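2 protein chains.
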Amino acid sequence: MRIGQLARRSGVSVRALRYYEEQRLLESARTPGGQRDYPDEALERVQLIQDLFAAGLSSRTVVELLPCVSTGVATPAMLDQLIVERDRIAARIEDLTRAKTKLGRVIENVTAANVAQD
Amino acid sequence: MRIGQLARRSGVSVRALRYYEEQRLLESARTPGGQRDYPDEALERVQLIQDLFAAGLSSRTVVELLPCVSTGVATPAMLDQLIVERDRIAARIEDLTRAKTKLGRVIENVTAANVAQD
DNA sequence: CTAGAACCTGACGTTGACGTGAGGTGCAAG
DNA sequence: CTTGCACCTCACGTCAACGTCAGGTTCTAG
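Chains as they are written, first to last, in the UniProt record's numbering: chain A, 1 to 118; chain B, 1 to 118.
Simulated from the structure, these hints should not be mistaken for lab results. Note that the structure is a prediction, hence the values are computed from the model and not measured. Hints are supplied without guarantee of correctness; some may be wrong.
DEER-style ranges, computed between Cβ atoms [as the list claims (entries may be wrong)]: (1) Ala77/A / Glu44/B: 40 to 50 Å; (2) Asn114/B / Gly33/A: 39 to 49 Å; (3) Ala116/B / Glu27/A: 26 to 36 Å; (4) Ala77/B / Val84/A: 37 to 47 Å; (5) Arg24/B / Ser13/A: 28 to 38 Å; (6) Glu22/B / Ser13/A: 26 to 36 Å; (7) Gly72/B / Arg18/A: 41 to 51 Å; (8) Gln35/A / Gly72/B: 18 to 28 Å; (9) Gly72/A / Arg18/B: 16 to 26 Å; (10) Ala116/A / Ile83/B: 13 to 23 Å; (11) Asp40/A / Arg98/B: 19 to 29 Å.
From the three backbone atoms N, C-alpha and C, an ideal C-beta is built for every residue, glycine too.
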C-alpha cells in the first residue's frame with residue numbers, strides 16, 4: 001500500500017505519516033523507485049499511534065512504549081512508564097470532568113435565567 | 001496585591017499573569033509608579049482561567065466566555081459556545097478513557113507475563 | 001510515449017502559552 | 001543615599017506535530 005492510500009484509510013495526512021517515520025514510529029519498505037510501500041498492518045499501527053497521541057503522549061514516549069504495546073513484552077522501566085502515563089491520563093480525566101461539571105452548571109444557570117426572563 | 005504575590009498564591013508565573021492581561025483575561029490597576037496592583041478577587045479569577053485552560057479552551061474562547069462564567073448572564077451565542085465546549089470536553093474524556101483502558105490492558109498483560117516468568 | 005496524478009526530499013512557516021534575556025525604573029530598609 | 005529586590009516594557013526564543021511550498025522523480029492510464 002502506498003502512502004496516499006494509507007493516509008486516506010487512516011484519516012491522517014501524508015505529511016503526518018512521513019513525520020511518523022522521521023520519528024521512528026512507523027517504518028516502510030521502499031519500491032525500486034524509492035516510494036514508500038506499507039504492509040496492511042501499518043493501518044492498525046497508525047491508528048494506535050493516533051490513539052496514543054490523542055491521549056496526550058509525546059512522540060518520544062510513544063516510540064518508547066510502542067514495542068510493548070504491540071508485543072505485550074516490557075522491561076520493568078517500560079512498565080513504570082506505562083503506569084506513569086496511565087495515571088497521568090487518569091488525572092487528566094479528573095481535571096476534565098471537573099471542568100465539564102463547572103461548565104454544565106454555568107449552562108444550567110444561564111438556561112434557567114433565560115427561561116425566567118421569557 | 002502586587003504581581004509577585006499573586007503569582008506565588010495562584011501558582012502561575014509572573015510572565016503568565018502579564019500574558020493574561022495582554023490577552024484581556026485579567027485586568028489590573030496601576031500604582032503611581034506604574035506597577036500592577038490586583039484586588040483579592042484576582043486570585044479566584046486566575047484559578048478560573050487556569051481551569052479553563054486545563055480543559056483545553058484557548059485564550060480566545062476563555063475571553064469570550066469568562067463574562068458569563070463569572071456573572072451567569074449569557075447571550076444565545078455564548079450559550080451555544082458553552083455547549084460546544086462542554087461537548088468537546090465530554091468527547092475528549094471519552095477518548096482519554098479509551099486510551100486509559102487500553103494502557104490498563106497492556107499493563108495487565110505485561111504484569112501477567114512477568115509473573116508467569118518468575 | 002506522454003500527460004498528469006502521486007510521490008520524493010529538503011526546508012521554512014504555524015500556533016499557543018508562555019520562557020528568557022536586555023536594559024531600565026520603583027520602592028522599602030538601613 | 002544607596003543597596004538591592006521586585007517590577008516595568010519590548011522583543012526574540014521554545015516546543016510539538018504537523019502545514020506548505022519548491023523543485024524534481026516515479027508511476028499509471030490512454
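Handout entry: Assessment of proposed distance window 18 to 28 Å (beta carbons of Gln35/A, Gly72/B)
Key = For Gly72/B against Gln35/A, whose Cβ atoms are near 59 Å apart, the range 18 to 28 Å is violated.
Practice task
Kindly confirm whether 40 to 50 Å is satisfied by the beta carbon distance between Ala77/A and Glu44/B.
Solution key: 42 Å, holds
Practice task
Given the range 16 to 26 Å, decide if the beta-carbon distance of Gly72/A to Arg18/B lies inside it.
Solution key: Violated, since Gly72/A and Arg18/B (Cβ atoms, about 49 Å apart) do not stay within the stated range.
Problem - Pairwise beta carbon distance, Ala77/B to Val84/A, judged against the given window 37 to 47 Å - result: About 41 Å separates the Cβ atoms of Ala77/B and Val84/A, which means 37 to 47 Å holds.
Problem - Cβ distance range 26 to 36 Å for Glu22/B and Ser13/A, holds or violated - result: For Ser13/A against Glu22/B, whose Cβ atoms are near 33 Å apart, the range 26 to 36 Å holds.
Problem - Verdict for Asn114/B, Gly33/A (Cβ pair) under range 39 to 49 Å - result: For Asn114/B and Gly33/A the Cβ distance comes to about 45 Å; the hint holds.
Practice task
Given the range 41 to 51 Å, decide if the beta-carbon distance of Gly72/B to Arg18/A lies inside it.
Solution key: 49 Å, holds
Handout entry: Consistency of beta-carbon spacing, Ile83/B to Ala116/A, with hint 13 to 23 Å
Key = Once the Cβ atoms are compared, 19 Å apart, the range 13 to 23 Å for Ile83/B and Ala116/A holds.
Practice task
Could you check the hint for me, namely that Ala116/B and Glu27/A are 26 to 36 Å apart, CB to CB?
Solution key: 30 Å, holds
Exercise for the section: Given the range 19 to 29 Å, decide if the beta-carbon distance of Asp40/A to Arg98/B lies inside it. Expected result: Holds, at about 23 Å.
Problem - Satisfaction of the hinted span 28 to 38 Å by the C-beta atoms belonging to Arg24/B and Ser13/A - result: 34 Å, holds
Of the numbered hints listed earlier, those contradicted by the structure are 8 and 9.
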